[in-house]
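*Asks:* Residues per chain are reported as follows:
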Amino acid sequence: MATEAMTDTNDTPEPSYEGITRIVLPPGKDITQEMAAAASAEVKLAATAGGRPLLLIISGVHSITREARTVYGEATVSTAIAVVGESPVDRVIGNFLLGGAAPSCPNQFFSSEAEGLAWLEGYRNDQ
Amino acid sequence: MTSDPRLPKLVDWIVAVARGELRHEMTPSSARDDVDAVITGLNLLVEELDTVYQQFEDRVEQRTAELHEAHLQMQKMAMTDPLTGLSNRVALVAELDKALASHAAGAENAPALLLLDLDSFKNVNDSLGHDAGDLVLKVVADRLRNAVRATDFVARLGGDEFAILVPDATLGVAQGVANRILDALNKHIELEDLKIWARASIGLRVADKDQSSVSLLQDADTAMYAAKDKGRSRVSVFEPVMLYARQVRNQTASELREAIATDQLDLHYQPVVDLRNGHIQGVEALVRWNHPTRGLIMPDSFVPVAEEIGAIVDLDRWVMTAALRQLQDWKTRFDMDEAFQLRINVSSMDLQQLDLVDFVRSALKDSGIPPRNVVLEITETALITGGDVESYSLLSLQKLGVCIEIDDFGTGYSSISYLRKLPVNMVKVDRTLVAELADDAQQNSFVAAILQLIRAAGLDAVFEGIETSEQAAQLRDMGCIGGQGYFFSRPLPLEAIEGLLRESAVLPLATEPALGS
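So the sequence lines, in the order shown, correspond to chains A and B.
Each residue of the first sequence is one higher than the last, beginning at 3 in the numbering used here.
Each residue of the second sequence is one higher than the last, beginning at 102 in the numbering used here.
Because the hints were derived from the structure by calculation, they are not lab data.
Hints should not be assumed to be uniformly reliable.
Not the full set, but computed from the structure, chain A residues with beta-carbon under 8 Å of chain B [as the list claims (entries may be wrong)]:
(1) Lys31
(2) Ser89
(3) Pro90
(4) Asp92
(5) Val94
(6) Ile95
(7) Phe98
(8) Leu100
Take a look, some chain A residues computed to stay more than 10 Å from chain B by CB distance [unchecked claim]:
(9) Pro28
(10) Gly52
(11) Gly62
(12) Phe112
(13) Glu115
(14) Leu119
Restricting the straight-line Cα-Cα distance to at most 25 Å, the calculated cross-link-like pairs of lysine to any residue (SDA-like) are [claimed, not checked]:
(15) Lys110(B) x His64(A)
(16) Lys31(A) x Asp151(B)
(17) Lys31(A) x Thr128(B)
(18) Lys31(A) x Thr152(B)
(19) Lys31(A) x Leu123(B)
(20) Lys31(A) x Val139(B)
(21) Lys31(A) x Glu291(B)
(22) Lys31(A) x Ser130(B)
(23) Lys31(A) x Asn144(B)
(24) Lys31(A) x Asp134(B)
(25) Lys110(B) x Gly62(A)
(26) Lys31(A) x Leu111(B)
(27) Lys110(B) x Ser89(A)
(28) Lys110(B) x Gly30(A)
Beta carbons: idealized from backbone N, C-alpha and C, even for Gly.
Okay, chain A solo, but in the shape it has when bound (with noise of 0.2 Å):
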C-alpha cells in the first residue's frame, strides 16, 4: 500500500494538497482489516496538528473486506473524507464503503481527483 503526500503531474495545473491527507489504497488487492488499520494508522500520524481533510484513492483495487469498511467508519482524525475512484467498479465498491457505519465527519464519493479535492477545499485547516 502506498502513501504518497504529494503526487505530481506534469500537464496539468498542480493541485494543491497543503493540509490534506492523500491516501492510495493498492490496486489490484483485497483491502483486508490490517490494511485498513494500517492506512488509518498513518492518516493519524499526519494529523499530529489536529484534523485534516483525507482524499481516499481506491481507483483499481479489487475488494474492500467488511472489516476494512469497519476501520473506515471509525475514523476520528479527519475533518471530511473523499473517497475517490474512477471506474464504475471503484464507483461500486467506494460506495460500499460508505455504506457501513459511516465516519461522524462528512464524506462523499467522486469520480476523479480533481473534484475530490475540490470537494475538500471546504473542509481544509487554514492553520
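Model the placement of chain B on the given structure of chain A, informed by the hints.
*Replies:* Frame of chain A; chain B shown alone:
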C-alpha cells in the same frame, strides 16, 4: 454490436442467486467497466445476504437455546420453593403419585409421608419480623436436607409446613427419619442475640395400597395436628380415630366466632390468696365455653383454635369486658377491699394490636373500675419476643395505671435481666417451680433465690400451682405474700366465687377437703 460474453454468465449467476445459491461468484475483469461494476455489486450483495442469513441463523439458534434454558428454569421454578430451594407442593404431589403408582404396581414397601409444622413459628414472624422468619425457614430446610437419606424427598408446602416423602418405607424406617429430623431441629438457631428453637410436630402416614396422594396428605396432616395437640416436638403416626378429633377441631373453629359473638362464653374465677392470712387478694378470670351441645369446654380445647383462626383478640376482649363488668357488679354488692385485684390474661396477639390500649382505657372508663384494681397477665414469651407495638402497648398500659404481670415466669427465656428492663409490676412464677417445693431442699433454695431476684428487681411475686399446705407454708416462710392454686381454691363458677366474696372467706376453707389430689 457484439454481445458481451460475460452477460450470459452473469444471467446464470443471478438465476442461481435467485434460487438461493449465495456463494457462487464471478470475478470482475481488469476492464472495470459497467458489467464489472454489476459483477462487483452482485458479489457484494450476495456476500451481504449471506452474512445476514448467517446472523439470522445464529440468532435463531441462540434464541432457541435461551428459550430452552428459560423453559427449564421455569419448570424448575414451578417445582421449587424460591425461599429454601426445596421442592414445592406441586413437585411433592408429582413424586407422591410416582411412589404410590409404583407401590400399586407391586413394589414391596409402601411410601410414607411425614408432614412437619414448626411449633410457634408464628411468634417468630410476629415478634422478630419476616426476615428473621425467612432465615429460620432456610435453616430448617438445610437441617431437613441433612437429616434425611439420599432417597428421601423434602418439600416445603408453604408457610412453616414441610413434607418428607420416604419412598419404599416401613413404619420403622419412616419413624427413624422422623426422629432424626426432631433431633436436627432440637439445636437452637442464633438470630442476632437471640436463640430460637424451631422445633416441629410431625405427622406420619405410611400409605395404604391404592391410596391417593390427596388422601395421604390429608392423613399425614391429621396426624400432624394430633402431634401438636399432644404437646409439641413429637411424631404422631396416623390412626383413623384422629380423623374424628380433627373433625371436632374443625367444628370448634367454625363455632367459636359465633360463641364469642353470642355470649356462649362464661367466666370462672380462681382466687389469689394472701399467704399470710388466707384472705382473697383478688381473682384471676378464666374463660370457659358453655357449648350448647358439648357442655362446658375448657380453654385448652379452644384457645389454641382461637389463636389459629385469629379470633383470640375478640376472645381476650370479651373476657376483659365481661370481667370488668363483673367486678363493677361485685363492688356494688359486696364489701370489696380497695386493693382487690382482677387478673385478666392478654394474649401475645392482642398485645400486638394498636388499639389494645384504647380498648382497655374505654373498658375501664365504662366499668368505672380504677386501673390499679386490674392486673393484665402476659406470658413471658410474649413480653420478651415483643417488638415496637408490644413495647408501646405495655408502656401505655402501665401509664394508664393498670398492673402488668409476667405470667408463667420460668417457662420461657427466663433471662433475669428482662425483669429489670420490662415495663412490668408483678411476676407470676410458674407452677412447675412450685411443684417440687418441700420435697427437695435444693429446689427450695432455688425458689427462694428466684423470689429474692424478683424482689430485687422491685417487683411483686405471686406463685401459682400451690397444691399442698406444705408448699403454701414453705412459700410463706420465704416471705412470699401472694399465692394461687388448688390448695386454696379451684377456679370457681360465678355463684361459688360470689359466696366466698360475700363472706370475705379465708382460704383454704375448713370444709373443703385437702386439695391437690
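*Asks:* Going back to the hint list, which numbers does this structure go against?
*Replies:* When the structure is compared with the hints, numbers 1, 8, 11, 21 turn out to be violated.
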